[in-house]
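Engineer: When you get a sec, could you build the whole thing from the sequences and use the hints?
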Amino acid sequence: MKTMPFTCIATFAWMLFSLLGFSTPSSAESVGLYFDPATPQIAFAAGDVKAALEKRKHIVETRNLASLAQAGSGKKIVLALATDKAVASLLAAQGGKGAAGLGEQAYALRTTSIPDLSYWVLGGDANGAMYGGLQIAETISINGLSGNYDSQETPFLMYRGMKLNLPLDKRIPTYVGGWSSHSAREAIADVWDMTFWRTLIDQQARHRYNVLSTWVHHPFPALVRVRDYPNACLPNIQKYDGSTINLNHEQRVAFWRDVMTYAHGRGMKFYFFNWNIYVDYASTQYPALTKSPSNPTTIDYMYKSMWALLETYPELDGFGITSGDGMGSNKEENTQWTWNAMGKAVRDYLSENPSRRFNLIHRGVKTEPQTCDAIYAPIKAVTNATFNMSAKYAMAHMYSTPTPRWTGDIQSCAKLGLKTWLTFRNDDFFYLSWGDPQFVRDFMAGIPLKDTVVGMYIGIDGYNPSRARFFKNPALNGQLEVERRWYMEMLWGRISYNPGTSDDVFKGMLARRYPTVSAGDLFDAWTLASRSLPKVTELVMKDWSLDFHWYPEGCWSDPGRCGGFRTIDDVGGAKGGFAGQDVAKGSALCNIADSAAGKCGRKKSSYQLADEMEADARKAISLTNTLESGGNADLRVAINNVKQMAFLSAYYAHKIRGATYKKAGEKGKAREEMGRAYCWWMAYSRSMEDTYLADSFRNLAIAPDWKFADAAVLKEYADLGGVGIPDCNTIQQHD
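In my numbering, the protein residues as written are 3 to 737.
Some hints here could point you the wrong way.
Stated by the list, open to error - 30 Å max Cα-Cα, derived DSS-like pairs, lysine-lysine:
(1) Lys-544 <-> Lys-452
(2) Lys-621 <-> Lys-606
(3) Lys-671 <-> Lys-577
(4) Lys-394 <-> Lys-77
(5) Lys-346 <-> Lys-333
(6) Lys-587 <-> Lys-77
(7) Lys-669 <-> Lys-606
(8) Lys-621 <-> Lys-333
(9) Lys-241 <-> Lys-271
(10) Lys-577 <-> Lys-709
(11) Lys-587 <-> Lys-452
(12) Lys-417 <-> Lys-394
(13) Lys-474 <-> Lys-172
(14) Lys-271 <-> Lys-452
(15) Lys-333 <-> Lys-394
(16) Lys-59 <-> Lys-172
(17) Lys-474 <-> Lys-241
(18) Lys-271 <-> Lys-417
(19) Lys-621 <-> Lys-394
(20) Lys-452 <-> Lys-474
(21) Lys-671 <-> Lys-601
Since the hints were made in silico from the structure, they are not lab data.
Structural biologist: Shown next, in the form of structure tokens:
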């Protein structure tokens, strides 16, 4: 199917308002809204269209799509499938162009003026019609009922997902058990709250996400009653504080089936993922169950658990298997175990139930595509099953180089005829809400062999996002984390659907949410403040690729395994400092050592990088200084978030210069830079202290407060001969 270029398709719905000079009607008008209420995806979008029209003071008359042929004069909006012949015929009769050949999730927008202004959303399927309807609703909410549409969109990545590490019970934790973060301990109540899931699913559908995956060590005790192992089923749900949620097995099954059905109604697939070998809770009821890969009882239990999962949840779309992190055998033995314990159960169940479709994903942890392809070969003969691989595309730090090259699994899978899911791990930002659209576009453009990539899922291991709990302003706590980070979530969802989505779309969304400030200035400041932070990780990531190696919000690492605060020292490896590190795989930057030696060639040196980072940070601060929150707590957080990222970027700019000067033997310049770095760190840490509570994460903690690293930052200045505390007023005025 031929579609319009990405650089054009998403911009029309926004730009034509200003280009054509349309304005919002001054008085209320009646608008007919035609759709099929029996199709939940379309009904959801129609609800947003109706709300947007009513906010603009229009009178909305909702009508069944079946009555469209009897529509008389008056403005109308039509949401339908492109294959609906009656709709296509009426569109043509009113002077509109058809939209033949639309694929999955694609949509076309059309405008006619005979007999009156009408907007037509035509979906390649129900999900495409939903996305088109959401686009119309979004545009009306910002620009009113005006403009002219003749555009088409089709998904860049077919599947755009969320990776949610969430415990289902204290006894069956998420990754990795005893290291659970404070957020994981608080999340159990949210996991069993249907309001939480409805809110999350609705928002993320608007952002074009269409996969919801929940990751648990061993989810089965909360989900199924297993034949021959009935006592492995949890009697209730236990929280970390010792209290219980009184949900029995039947109630839990009904709950998750409702969640899955609701997700389907917003165009989303639903998956569970596990790690292996874990038999949490089940082993307390049946001591014969162990983590030994040679234990036949464990294999039998896991086989029957997987069978029960497919049997109990006909709405479940798939399951993800991890041959780790609790396995120590070689790749062949690990993969054979997962096949015997789970893969074979999927094959057998689907063979006996040919109408059931199911997707099995095997992650590349402690295995490889060639081994999985060979051992899982029997599932390929099952026509109602699909089998994919999954790779850690950017290791634990998606906010690094936009062209990560950590895995060769994509290429290996392509040679085998397998397709791959990509895990995008955000173990970079737990507090800050990052936002640079161009980085996301570059990230999408950098995906190799895109036609062999099924999709992606974004998530965190070190923090477990359910509801916000670390604001000092209690009025801001309780919102979902995806609501708190709405801008960051939107960028990845919208741009992975269409990388050509214009910056004007995001400016419009900022204008809608924060109408009292310049959306252009806020957008520019947010982009500039965000731009530098991935470059820091890119510069030092080679040996700091895992979550416990590097936490950029705190310039920190796991104290036991890596030493805590990351210094500028010229020491390599996991316990080293900035000057001893090499760049991320896939990066074109010049590392600090080569920059200090003048051996960068055409690569960008760390001096040049620091200059760019400082300039962007200063411009962002200048722009935010013109913005006032006017008592709006949400806007105040947004403005401060941009400032905090800019302060942190300025800190790292001076730190990178200091590390490079020190490596080059220019101690005086290094000392000067580290004095300035201290001042920017203090601006950052004090702003974070004003906004956020301290918190503990899986590998580290902000404790006892946001002053946790102040002494370590000052020590870097003192170690270079600095005396006392730098005069930050003088330094920042001079800078």
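Engineer: For every hint, state whether the structure bears it out.
Structural biologist: Here is how each hint holds up against the structure:
no. : hint                : result
1   : Lys-544 <-> Lys-452 : holds, 24 Å
2   : Lys-621 <-> Lys-606 : holds, 21 Å
3   : Lys-671 <-> Lys-577 : holds, 25 Å
4   : Lys-394 <-> Lys-77  : violated, 49 Å
5   : Lys-346 <-> Lys-333 : holds, 18 Å
6   : Lys-587 <-> Lys-77  : violated, 55 Å
7   : Lys-669 <-> Lys-606 : holds, 23 Å
8   : Lys-621 <-> Lys-333 : violated, 50 Å
9   : Lys-241 <-> Lys-271 : holds, 28 Å
10  : Lys-577 <-> Lys-709 : holds, 22 Å
11  : Lys-587 <-> Lys-452 : holds, 19 Å
12  : Lys-417 <-> Lys-394 : holds, 18 Å
13  : Lys-474 <-> Lys-172 : holds, 27 Å
14  : Lys-271 <-> Lys-452 : holds, 20 Å
15  : Lys-333 <-> Lys-394 : holds, 17 Å
16  : Lys-59 <-> Lys-172  : violated, 49 Å
17  : Lys-474 <-> Lys-241 : holds, 24 Å
18  : Lys-271 <-> Lys-417 : holds, 27 Å
19  : Lys-621 <-> Lys-394 : violated, 34 Å
20  : Lys-452 <-> Lys-474 : violated, 43 Å
21  : Lys-671 <-> Lys-601 : holds, 20 Å
Consistency note: the structure conflicts with the earlier hints numbered 4, 6, 8, 16, 19, 20.
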